[in-house]
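Just so you know, the protein sequences line up as chains A and B, in that order. What the first sequence shows, in the working numbering, is residues 1 to 328, in sequence order. What the second sequence shows, in the working numbering, is residues 1 to 328, in sequence order.
The hints are simulated quantities; they were obtained by calculation from the structure and are not laboratory data. We put the beta carbon where it would ideally sit given N, CA and C, even for glycine. Among the hints, a few may not be true.
With a Cα cut of at most 30 Å, we get these calculated DSBU-like pairs of lysine-lysine [to be verified]:
#1 K228/A with K18/B
#2 K108/B with K228/A
#3 K248/B with K284/B
Some chain A residues near chain B, calculated using beta-carbon distances under 10 Å [stated by the list, open to error]:
#4 D29
#5 C30
#6 D34
#7 D51
#8 M78
#9 A88
#10 G125
#11 P126
#12 A211
#13 H275
#14 A277
#15 Q278
#16 Q280
#17 D282
So you can see what is in the structure, the chains are spelled out below.
Protein chains: 2
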Amino acid sequence: MISEFSLIQHYFEQITTKRDDVLLGIGDDCALLDCPTDHLLAVSIDTLVADIHFFADVDPQTLGHKSLAVGLSDLAAMGATPAWFTLALTLPNIDEDWLQGFSQGLAKLAQHYNIQLVGGDTTRGPLSISIQVHGHVPTHLALQRSHANIGDIIYVSGTLGDAGAALQMQLKQWHDDRLNDEDTQYLQQRLECPTPQLELGEKLRGIASAAIDISDGLAADLGHILNKSNVGARLDLNQLPLSPALAKIDLQTAQQFALYSGDDYELCFTVPPQHCAQMQTDFKQCTRIGEIVKKIKGSASLIFGTKSQTEIKLADPLILGSGYDHFK
Amino acid sequence: MISEFSLIQHYFEQITTKRDDVLLGIGDDCALLDCPTDHLLAVSIDTLVADIHFFADVDPQTLGHKSLAVGLSDLAAMGATPAWFTLALTLPNIDEDWLQGFSQGLAKLAQHYNIQLVGGDTTRGPLSISIQVHGHVPTHLALQRSHANIGDIIYVSGTLGDAGAALQMQLKQWHDDRLNDEDTQYLQQRLECPTPQLELGEKLRGIASAAIDISDGLAADLGHILNKSNVGARLDLNQLPLSPALAKIDLQTAQQFALYSGDDYELCFTVPPQHCAQMQTDFKQCTRIGEIVKKIKGSASLIFGTKSQTEIKLADPLILGSGYDHFK
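Just chain A, with the same shape it has in the complex (with noise of 0.2 Å):
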């Protein structure tokens, strides 16, 4: 039996790319890291628990790809650039093949994003991994929640909802004939492999007002903009981008996917009018989905309708059509 010690090392402590601001990494009490001057450490952990958050057989590679890129994309909602990362890793036995696996899919990623693993814990017990992820963001640049102001322009990446579609999908609680292998395939891969938008939070800094990153909901997660920003917002539920797979199934059970569902991991984020048009030529791939608007007294933070149609009032969105929550 491989001891804990030799554990570590064999598989962790060879896996990233070696970044001259790492003074020590794993083998010692303490990793000792070097912070860049004029920029704020950004730090986020994220804990992934075995039937929870993935089903305990799920590819071992996927899931070592998912368990960073949920760390990354928090990275990317603050525009920061990712430096390293530190792994608890929770298992009930030593499957030599599952490390393998597992630590194959976390490097490759890391190796790509230049994110170092600085340190970790192995530990006996329920499969569970906690990732704390680490960047650097120049000092006043970083994207916050609370900054959203009137008037600005709400906009969100790629598509929404694919993620939410395959997990129904994967428990057998929802199906759509029109939808071929391919795109049950291509929607299983935005459930398991999503991309952390870190190109484009870098992009950000300086342009957005608020940004955050859509893990549990875009109903969820804008709701925690207006939140902390105070205010309110009007969605045009015609804009929100559907990807070809989604597109072919009848718009009002995307609509509800691309609101209502988690772990699409793309941004949304909001825009002073001054830097949309910008917006147009340098981020292609981001849609305008609504404004900021003021939030009425008593009323709901989040509007559906554009101006011309007849305005759906709901309630809290965070009560309504609420994100996932583990404790509910």
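Given the coordinates of chain A, work out where chain B should sit on it, guided by the hints.
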């Protein structure tokens, strides 16, 4: 039922002291932190799993203390000053009494060492706690495992073996009639409420050549220093510092606890001879237990016995006198 979002806010957002270097704490995609110049960032992540590291029914306040203390002990071993921590908490259900106690235990220790909770993730699953600590250490003054030199003197802080004896009593695998209730309580306290040696770690900057905290047992942890520094050590067993409680039991058993049981969270460190005079005056809570010697090829790195005694040579302490290894 309280939701995940309000759960985190209610119990954890308010608990710690507010630090000026936290530009953004809990409540966005990332925390934003300001690192001091001319310092390195020291980080360490540790996971405690129910029924592996602690009994699931342990007093939650004590558990909150210990969860943070083990991380702080890693900072102490690097000579780092605590700054921030993150918490990934996995809970089978929401027990508000438990959360109240756990967060209070955590908060009390956090306030004492001026370390602020800056982020977290709360999820449902088998009870498990991952904490990452972040500290600062002046560049070039960090204490590392790899810098012990032949001729350096080996010291430990406090007393050894107390936590291990308490654990064996809790597991009902060992008992000694010479211990009264007060002794038992003292040992229990040492197991459940370890004190991280942060003040000592900071004072050892520029004095100690290498350091480690004793989490897996002196033999195993000193073994890490020896392996990393490529040296051997000669220990005088009679110098191992024992508490008044452990001094009551037979010497050999006490020495076994001191050598091979973990969870003491004292520091073991090496000091070049020129600094040893200072040790006697300024570090009265530390005990000289041996010295760093040349590693004998093909032989043990750890030798017991004084120069006047016959040397008892052991195999690699990681194999023979092994510390706790979760996967063995």
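| said: Under 10 Å is the threshold here; is the Cβ of A211/A close enough to any Cβ of chain B for the hint to stand? | reply: A211/A check passes; min Cβ-Cβ to chain B is 8 Å, inside 10 Å.
| field | Evaluation of the interface hint that places Q280/A against chain B, nearest CB under 10 Å | value | Violated, about 26 Å.
| field | Interface hint for P126/A, Cβ within 10 Å of any Cβ on chain B | value | Holds. Min distance 4 Å.
| said: Tell me if the interface restraint on D34/A is satisfied: Cβ within less than 10 Å of some Cβ in chain B. | reply: Constraint on D34/A satisfied, holds at 6 Å.
| query | Do the alpha carbons of K248/B and K284/B lie within 30 Å of each other, as the hint requires? | reply | With Cα atoms ~23 Å apart, K248/B and K284/B stay inside 30 Å; holds.
| query | Hey, does the H275/A contact hint survive, CB to chain B under 10 Å? | reply | With a minimum Cβ separation of about 21 Å from chain B (threshold 10 Å), the hint on H275/A is violated.
| message | Next item in the hint list is D51/A. Is there a CB on chain B closer than 10 Å to its CB? | response | Where the cut-off is 10 Å and the nearest Cβ of chain B is about 8 Å from D51/A, the hint holds.
| Are M78/A and chain B close enough, Cβ to Cβ, to be under 10 Å, as the hint says? | With a closest approach of 5 Å, the M78/A hint holds.
| message | Next item in the hint list is G125/A. Is there a CB on chain B closer than 10 Å to its CB? | response | With a closest approach of 4 Å, the G125/A hint holds.
| message | Take the shortest C-beta to C-beta distance between A88/A and chain B; is it under 10 Å? | response | Holds - the Cβ of A88/A comes within 10 Å of chain B, reaching about 4 Å at its closest.
| Interface hint for C30/A, Cβ within 10 Å of any Cβ on chain B | It holds, given that the least Cβ distance between C30/A and chain B is near 4 Å, below 10 Å.
| query | Once the shortest beta carbon distance from D282/A to chain B is found, is it less than 10 Å? | reply | 23 Å, violated
The structure shown violates the earlier hints numbered 13, 14, 15, 16 and 17.
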